[in-house]
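In case you want the letters, here they are:
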Amino acid sequence: MSELKLKDLYDGFRDPATIRMLAAQIGEAAKALHEPLRIMEVCGGHTHTIMKYGLPQVLPDNIDFIHGPGCPVCIMPKERIDHAIALARMDDTILVTLGDMIRVPGSQSSLAVERAAGRDIRPLYTPMDALKIAKEHPDKKVIFFAIGFETTTPMTAALLHAAIAQKVTNLYFHINHVLVPPAIDAIMSDGQAKINAFIGPSHVSVITGAKIYAPLPQKYSTPVVVCGFEPVDVMQGILMAVRQQAEGRAELEIEYSRSVTMEGNVKAQQLIDMYLQPRSHFRWRGIGDIPDSALELKPEFAHLDAEKVFAEVLPTEPIDDHKLCICGTILKGLAKPMECKVFGTACTPNSPLGSCMVSSEGACNAYYRYAGVLG
Amino acid sequence: MKQVQLSHGGGGEETNKLIHDLFYRHFKNDILIKAEDAAVLQTEGKIAFTTDSFTVSPLFFEGGDIGKLAVAGTVNDLAMMGAKPLYLSSAFMIEEGFPFEELERIVESMAAELEKSGAKIVCGDTKVVPRGSVDKLFINTAGIGQIMREGISSQTIHEGDVIIASRDIGRHGATVLMAREGLEVSADLGSDCETLWPAVEALIGDNISISALRDATRGGLAAVLNEWAENSGVCLEIEESAIRVSDEVQGICEMFGFEATDLANEGTFVAAVAPMHAAFAVSTLQRFGFCSDAAVIGRVTQQYPGKVVLHSAFGSRRFLDLPKGELLPRIC
Numbered sequence: 000m001s002e003l004k005l006k007d008l009y010d011g012f013r014d015p016a017t018i019r020m021l022a023a024q025i026g027e028a029a030k031a032l033h034e035p036l037r038i039m040e041v042c043g044g045h046t047h048t049i050m051k052y053g054l055p056q057v058l059p060d061n062i063d064f065i066h067g068p069g070c071p072v073c074i075m076p077k078e079r080i081d082h083a084i085a086l087a088r089m090d091d092t093i094l095v096t097l098g099d100m101i102r103v104p105g106s107q108s109s110l111a112v113e114r115a116a117g118r119d120i121r122p123l124y125t126p127m128d129a130l131k132i133a134k135e136h137p138d139k140k141v142i143f144f145a146i147g148f149e150t151t152t153p154m155t156a157a158l159l160h161a162a163i164a165q166k167v168t169n170l171y172f173h174i175n176h177v178l179v180p181p182a183i184d185a186i187m188s189d190g191q192a193k194i195n196a197f198i199g200p201s202h203v204s205v206i207t208g209a210k211i212y213a214p215l216p217q218k219y220s221t222p223v224v225v226c227g228f229e230p231v232d233v234m235q236g237i238l239m240a241v242r243q244q245a246e247g248r249a250e251l252e253i254e255y256s257r258s259v260t261m262e263g264n265v266k267a268q269q270l271i272d273m274y275l276q277p278r279s280h281f282r283w284r285g286i287g288d289i290p291d292s293a294l295e296l297k298p299e300f301a302h303l304d305a306e307k308v309f310a311e312v313l314p315t316e317p318i319d320d321h322k323l324c325i326c327g328t329i330l331k332g333l334a335k336p337m338e339c340k341v342f343g344t345a346c347t348p349n350s351p352l353g354s355c356m357v358s359s360e361g362a363c364n365a366y367y368r369y370a371g372v373l374g
Numbered sequence: 000m001k002q003v004q005l006s007h008g009g010g011g012e013e014t015n016k017l018i019h020d021l022f023y024r025h026f027k028n029d030i031l032i033k034a035e036d037a038a039v040l041q042t043e044g045k046i047a048f049t050t051d052s053f054t055v056s057p058l059f060f061e062g063g064d065i066g067k068l069a070v071a072g073t074v075n076d077l078a079m080m081g082a083k084p085l086y087l088s089s090a091f092m093i094e095e096g097f098p099f100e101e102l103e104r105i106v107e108s109m110a111a112e113l114e115k116s117g118a119k120i121v122c123g124d125t126k127v128v129p130r131g132s133v134d135k136l137f138i139n140t141a142g143i144g145q146i147m148r149e150g151i152s153s154q155t156i157h158e159g160d161v162i163i164a165s166r167d168i169g170r171h172g173a174t175v176l177m178a179r180e181g182l183e184v185s186a187d188l189g190s191d192c193e194t195l196w197p198a199v200e201a202l203i204g205d206n207i208s209i210s211a212l213r214d215a216t217r218g219g220l221a222a223v224l225n226e227w228a229e230n231s232g233v234c235l236e237i238e239e240s241a242i243r244v245s246d247e248v249q250g251i252c253e254m255f256g257f258e259a260t261d262l263a264n265e266g267t268f269v270a271a272v273a274p275m276h277a278a279f280a281v282s283t284l285q286r287f288g289f290c291s292d293a294a295v296i297g298r299v300t301q302q303y304p305g306k307v308v309l310h311s312a313f314g315s316r317r318f319l320d321l322p323k324g325e326l327l328p329r330i331c
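Protein chains in written order, with numbering that gives the first Met the number 0: chain X, 0 to 374; chain D, 0 to 331.
Hints may be right or wrong, so weigh each one.
Said to hold, decoys possible - Below, in silico cross-link-like pairs of lysine to aspartate or glutamate (DMTMM-like), each with a Cα-Cα straight-line distance of 25 Å or less: (1) D:45 to D:205; (2) X:6 to D:292; (3) X:6 to D:180; (4) X:139 to D:180; (5) D:119 to D:200; (6) X:140 to X:306; (7) X:134 to D:134; (8) X:51 to D:253; (9) X:131 to D:134; (10) X:51 to D:200; (11) D:126 to D:94; (12) X:51 to D:134; (13) X:51 to D:226; (14) D:135 to X:119; (15) X:335 to D:320; (16) X:139 to X:306; (17) D:33 to D:103; (18) X:6 to D:134; (19) X:335 to X:319; (20) X:140 to X:81; (21) D:126 to D:13; (22) D:323 to X:306.
FYI, nobody ran anything at the bench for these hints, they're computed from the structure.
Note that the coordinates shown come from a computational prediction; the quantities given were computed from them, not determined experimentally.
Take these sequences, add in the hints, and give me the full structure.
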């Protein structure tokens with residue numbers, strides 16, 4: 000790889016003068032609001048940015064953030080983590096997965112605990128590394144525990160594509176890819192969450208296009224702004240949402256116009272469609288069963304599907320969260336981390352009870368790391 | 000290619016040859032070559048004593064190798080207590096089959112690093128273990144240093160003290176990560192691995208009033224600042240914009256979702272000094288190439304005792320927490 004310069008991609012989007020100017024503009028525009036703007040940031044990446052940069056501190060009081068279900072680690076039900084553990088415990092197996100998944104507790108154990116006990120469990124920096132590992136260990140079963148929203152799905156599809164093309168036969172897939180729009184629908188149709196605007200994650204829409212949010216503004220009378228992850232992006236997105244609300248509009252707008260289009264990455268979408276199809280049901284941690292909210296391998300690839308090939312070792316019972324944990328309520332937008340009785344006491348990033356504290360994308364983790372008493 | 004055999008650790012002729020032809024040749028000094036069961040040392044006044052074990056993958060990286068780390072790491076632990084590094088021990092745990100040529104490069108690198116502080120390796124140990132028992136090579140070093148300035152401690156940081164970082168942060172962690180992942184981000188990215196004693200000696204020589212010194216190794220700047228806040232019961236208020244981070248390191252943080260403040264350093268330290276000496280301390284440090292970016296990054300207050308508060312340039316603030324667990328890349 001020749002010289003890679005990332006600086007230009009973020010530098011201007013953290014500029015203090017621009018953030019201050021946007022804060023002033025939001026303050027001005029928010030005076031015209033008839034009711035407080037309760038913005039759900041669907042994605043944990045946005046929660047992270049909001050807390051890391053302390054954005055609520057420079058915003059007016061009538062703007063409130065409600066944290067959404069958009070963290071792939073947070074929404075993973077315990078029984079699926081137990082699947083990963085059961086697979087890792089099989090003989091001659093290497094289980095590979097992404098980042099934080101290693102730490103999340105299942106019903107009895109976690110992948111980190113299993114790894115310390117001698118199971119071969121490896122975090123990946125990129126899914127394509129799974130192919131390399133499978134080639135290096137032809138005598139082992141390499142199982143990719145695939146997680147993530149629409150953002151990481153193309154990488155799984157690309158890995159499938161490469162494994163099939165290169166005739167690698169010892170790489171299996173446990174698919175846990177989930178979809179943003181059905182989760183938003185589930186939360187809004189429930190009727191309890193008091194949300195009157197959304198900011199949607201730009202990286203999802205780089206793949207899917209902004210079109211996936213098209214029905215929302217009309218259905219729920221809420222502005223939707225597809226928004227980048229830098230602080231200037233988030234501030235700009237909030238300004239756009241405030242202006243819509245103040246002017247009585249509810250539209251789909253794109254803040255992150257440098258990469259997001261209405262159509263998205265059609266090639267990536269085609270690659271996903273080639274291998275994956277909607278799953279009839281997926282149980283979201285804390286939220287419950289949401290129809291058509293996740294993906295699974297198409298039947299013709301059943302021989303690569305770890306859920307089918309190794310079905311006999313996989314537990315089937317749903318497992319609920321610890322009764323003191325309110326992750327589900329937080330993921331539905333009905334509570335904030337600090338309202339949880341065990342936040343920061345029985346539940347910390349070092350010994351998390353709930354998944355929102357485990358994942359660096361999780362609302363509880365972001366509050367714990369960045370806010371503390373500064374709230 | 001000549002490789003280390005189990006017999007090189009057996010205590011017989013091969014071990015003897017390895018010690019004489021490699022270790023003595025590069026670490027030669029009057030105390031070591033006496034080859035007694037223990038080194039007999041002459042010290043004056045109070046001494047500082049420390050030990051550390053070094054494991055790194057890959058063994059060679061841009062800006063250093065495990066040998067340079069093993070010397071600089073232990074020498075720096077002494078320097079951070081205001082102690083002039085004098086004597087080191089060095090124990091090698093070598094995996095059977097390890098190439099001799101690489102071992103010699105590592106030993107040469109250790110000898111070169113020792114020259115920067117004047118410390119000597121005066122005793123050592125060699126173990127060769129069967130393949131798979133260690134990952135190529137582990138080195139343990141212990142060190143003794145003569146205290147040149149008493150009272151430097153993480154427990155005596157005062158309200159009003161100024162916090163100085165000796166250079167930009169996160170280079171070692173980012174470099175090793177890149178080498179491990181086989182990614183080439185930029186030719187300019189190298190570890191900060193360096194012996195810090197000359198800079199500390201200059202601070203002491205210039206009579207800077209130093210409350211605390213700490214090299215920001217594993218856990219990075221965030222860990223040092225939090226330990227200080229906790230140990231001294233004070234609040235460290237840090238200006239985020241004053242922390243130097245190179246474009247290369249920041250780029251890697253962006254790619255993997257890491258914080259530069261959490262990444263390891265091997266030649267970067269933090270100093271808490273009396274406010275009246277802050278500017279003088281910075282200019283003293285800047286005389287050294289590896290500290291040319293030295294800067295004041297914050298101050299000590301009592302606002303949230305035991306906590307580190309990071310102030311953004313646009314008026315918000317947040318706690319800077321300790322890094323948690325192993326560094327794993329964010330998912331998306």
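Practice item. With a cut-off of 25 Å on the C-alpha distance, tell me whether residue 134 (chain X) and residue 134 (chain D) pass. Key: Between residue 134 (chain X) and residue 134 (chain D) the Cα gap is close to 22 Å, so the pair holds against 25 Å.
Practice item. Would you check the hint for residue 126 (chain D) and residue 94 (chain D), treating anything up to 25 Å between C-alpha atoms as holding? Key: 9 Å, holds
Exercise for review: Take the C-alpha atoms of residue 139 (chain X) and residue 306 (chain X), compute the straight-line distance between them, and say whether it is at most 25 Å.
Suggested key: 17 Å, holds
Check your understanding: Do the alpha carbons of residue 335 (chain X) and residue 319 (chain X) lie within 25 Å of each other, as the hint requires?
Key -> 20 Å, holds
Exercise for review: Below or equal to 25 Å on CA atoms is what counts here, so check residue 140 (chain X) against residue 306 (chain X).
Suggested key: 14 Å, holds
**Study point:** Proposed proximity, residue 226 (chain D) with residue 51 (chain X) (alpha carbon, max 25 Å)
**Key:** 21 Å, holds
Exercise for review: Would you check the hint for residue 51 (chain X) and residue 134 (chain D), treating anything up to 25 Å between C-alpha atoms as holding?
Suggested key: Violated, at roughly 37 Å.
Check your understanding: Is the straight-line distance between the alpha-carbon of residue 135 (chain D) and that of residue 119 (chain X) 25 Å or less?
Key -> 20 Å, holds
Check your understanding: Is the straight-line distance between the alpha-carbon of residue 6 (chain X) and that of residue 180 (chain D) 25 Å or less?
Key -> With a Cα-Cα distance of about 20 Å, the restraint between residue 6 (chain X) and residue 180 (chain D) holds, given a limit of 25 Å.
Check your understanding: Keeping to a limit of 25 Å between CA atoms, is the pair of residue 119 (chain D) and residue 200 (chain D) held or broken?
Key -> Cα-Cα ~17 Å, so holds.
Point to revise | Restraint check for residue 51 (chain X) with residue 200 (chain D), where alpha carbons must lie at most 25 Å apart | key: Violated, because 38 Å separates the two Cα atoms, which is more than 25 Å.
**Study point:** 25 Å Cα cutoff - pair residue 131 (chain X), residue 134 (chain D)
**Key:** 21 Å, holds
Violated hints for the displayed structure, listed by number in ascending order: 10, 12, 18, 22.
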